[in-house]
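2 protein chains.
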Amino acid sequence: MLSTTPRTTLGRKKHRAVTDRSALHAVLDEGLICHLGIVRDGAPLVLPTGYGRDGDTLYLHGSTGASSLRTASRDLDVCVTVTLLDGIVYSRSVNNHSMNYRSAVIFGKAKPVVDPEAKMHGLKVLTDHLAPGSWEHAREVNAKEFAAVSVLSLDLAEASVKVRAEGPDDEPEDLDADAAWAGVLPVRTVFGTPEPSTDLSPGWQVPAHVTGRE
Amino acid sequence: MLSTTPRTTLGRKKHRAVTDRSALHAVLDEGLICHLGIVRDGAPLVLPTGYGRDGDTLYLHGSTGASSLRTASRDLDVCVTVTLLDGIVYSRSVNNHSMNYRSAVIFGKAKPVVDPEAKMHGLKVLTDHLAPGSWEHAREVNAKEFAAVSVLSLDLAEASVKVRAEGPDDEPEDLDADAAWAGVLPVRTVFGTPEPSTDLSPGWQVPAHVTGRE
Chain A
1 MLSTTPRTTL GRKKHRAVTD RSALHAVLDE GLICHLGIVR DGAPLVLPTG YGRDGDTLYL
61 HGSTGASSLR TASRDLDVCV TVTLLDGIVY SRSVNNHSMN YRSAVIFGKA KPVVDPEAKM
121 HGLKVLTDHL APGSWEHARE VNAKEFAAVS VLSLDLAEAS VKVRAEGPDD EPEDLDADAA
181 WAGVLPVRTV FGTPEPSTDL SPGWQVPAHV TGRE
Chain B
1 MLSTTPRTTL GRKKHRAVTD RSALHAVLDE GLICHLGIVR DGAPLVLPTG YGRDGDTLYL
61 HGSTGASSLR TASRDLDVCV TVTLLDGIVY SRSVNNHSMN YRSAVIFGKA KPVVDPEAKM
121 HGLKVLTDHL APGSWEHARE VNAKEFAAVS VLSLDLAEAS VKVRAEGPDD EPEDLDADAA
181 WAGVLPVRTV FGTPEPSTDL SPGWQVPAHV TGRE
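Same order as they appear, the protein sequences are chains A and B. Counting from 1, position 16 in the first sequence corresponds to residue 16 in the working numbering; the numbering is continuous, with no gaps. Counting from 1, position 38 in the second sequence corresponds to residue 38 in the working numbering; the numbering is continuous, with no gaps.
Incorrect hints may appear among the rest.
Same chains, same label: a pair holds when it works inside one copy or across any pair of copies.
To be verified - The calculated EDC-like cross-link candidates involving lysine to aspartate or glutamate, where the alpha carbons are at most 20 Å apart (straight line), are:
{"no.": "1", "residue 1": "K144", "residue 2": "D174"}
{"no.": "2", "residue 1": "K109", "residue 2": "D41"}
{"no.": "3", "residue 1": "K144", "residue 2": "D176"}
{"no.": "4", "residue 1": "K144", "residue 2": "D169"}
{"no.": "5", "residue 1": "K144", "residue 2": "E173"}
{"no.": "6", "residue 1": "K144", "residue 2": "E171"}
{"no.": "7", "residue 1": "K111", "residue 2": "E171"}
{"no.": "8", "residue 1": "K119", "residue 2": "E145"}
{"no.": "9", "residue 1": "K109", "residue 2": "E140"}
{"no.": "10", "residue 1": "K111", "residue 2": "D155"}
{"no.": "11", "residue 1": "K124", "residue 2": "D41"}
{"no.": "12", "residue 1": "K111", "residue 2": "D75"}
Think of the hints as simulated: they come from the structure by calculation, not from any bench.
Next up, chain A with everything else stripped away, as it sits in the complex (with noise of 0.2 Å):
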């Protein structure tokens, strides 16, 4: 079960919340970017980053661009928002008008990763999220590399998941009234056909990790 902090017990629209732990793995491990959130100087900064997930650990890459997050001496306090969209929501009314949608907000405090053995670790698992295969395909992280790049890592202790599946939610004067079209338009993310380098040598075919990316 996912925990039910004050701050993951969602204020409105309760029946979204979904409490299963293997919701929010779902959410998490179809999704490709995440949002993450910070406060900086007092204020909000959002920056989208990839990630990926080990159990219930979220690793992310230090180097977002926020220099907030290289220089965190200690954790830091983040907010790791995935979204899913899965439709637009037309419904007889403009103010049912709605979206699909599968959305899980973490909070926690984002760890350096120091351990040698633990870092590199999380390097493999932040590429098998965004590169599943290229791990073992293209050529390992080497000494001056490893040393350059940070990886942070969240718990997943403290999170929420909300789902949106349905059609149309109507008011009952709006079905009667039969005045306009109601229904989802799906809303899906897909992989194009791969695009070699410019600078590949001839021959190369492109790998099945990349052809038969789903």
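Based on these hints, arrange chain B on the given structure of chain A.
Only chain B this time, still in chain A's reference frame:
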């Protein structure tokens, strides 16, 4: 030109910064949801929400699940981020793997839109973004709905845009080694086939503003 306050000046990968206002508008117009960051009890909170743009004003639904937004008696410091993921960049080394993306980060104070005419305009802008054509097709907002909804506005005065739109950036030694495939796997957001509501009366065809959406 976009502003160059300290917090919109990129601390790293400066070459990814795009400084013309049309690039900001293009990212905002193509995105479907934003991630809205606020500070609540000193900690960051990031929530997905719909938005719409008119000129250099961004409109947000005030009822996004964050009670902090609904009860804000004064202007609220926010960071709004919209990210379009365009591709996974497979490099010859694990370390140079990356993503192609376009992202916009906006800082400012979200203000409740109180004037009825301005608020109705904000609702139209939000609807036009979420579901173009629905403002004309669906039943208009009635007085009760209008009173219950809240709209926030945010000036696009302080914003930055970051773009990566290129192939792998590999090390010379990895190019020489020629030991891994390199290229980009495009990522796109697409609409599927419209799914009429199960309670839709027979005879309705999917209207053009839904079928024609791209």
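Classify it for me, K119 with E145: is the Cα-Cα distance of at most 20 Å met within a copy, between copies, both or neither?
This pair counts as within: shortest intra-copy Cα distance 12 Å, inter-copy 52 Å.
With identical chains, the pair K111 and D75 could be close in the same copy or across copies; at 20 Å between alpha carbons, which is it: within, between, both, or neither?
Only inside one copy: K111 and D75 sit 5 Å apart there, 32 Å across copies, limit 20 Å.
Is it within a copy, between copies, both, or neither that the alpha carbon of K109 lies no farther than 20 Å from that of D41?
both (17 Å within a copy, 15 Å between copies)
Is it within, between, both or neither when you check K124 against D41 at 20 Å Cα-Cα?
Neither way: K124 and D41 sit 33 Å apart in one copy and 35 Å across, limit 20 Å.
If the cutoff is 20 Å on CA atoms, where do K144 and E173 land: within, between, both or neither? Let me know, please.
Between copies only: 14 Å across chains, 67 Å inside a chain, cut-off 20 Å.
Using 20 Å as the alpha-carbon threshold, which applies to K144 and E171: within, between, both, or neither?
Close across copies (13 Å), not inside one copy (62 Å); limit 20 Å.
Can you give me the call for K144 and D176, within, between, both or neither, at a CA distance of at most 20 Å?
For K144 and D176, the Cα distance is within 20 Å only across copies (19 Å; inside one copy 68 Å).
Is it within a copy, between copies, both, or neither that the alpha carbon of K144 lies no farther than 20 Å from that of D169?
between (56 Å within a copy, 17 Å between copies)
Go through the copies and call it for K111 and D155: within, between, both or neither, with a Cα cutoff of 20 Å.
within (9 Å within a copy, 34 Å between copies)
Is the C-alpha distance from K144 to D174 at most 20 Å within one copy, between copies, in both cases, or in neither?
Cα proximity of K144 and D174: across copies only (15 Å, versus 64 Å in one copy).
Quick one: K109 to E140, C-alpha cut-off 20 Å, is that within a copy, between copies, both, or neither?
Neither. Shortest intra-copy (29 Å) and inter-copy (45 Å) distances fail the 20 Å Cα cut-off.
Within a copy, between copies, both or neither: which one fits K111 and E171 at a CA-CA cutoff of 20 Å?
Neither way: K111 and E171 sit 48 Å apart in one copy and 30 Å across, limit 20 Å.
The structure fails hints 7, 9, 11 (numbered hints given earlier, in ascending order).
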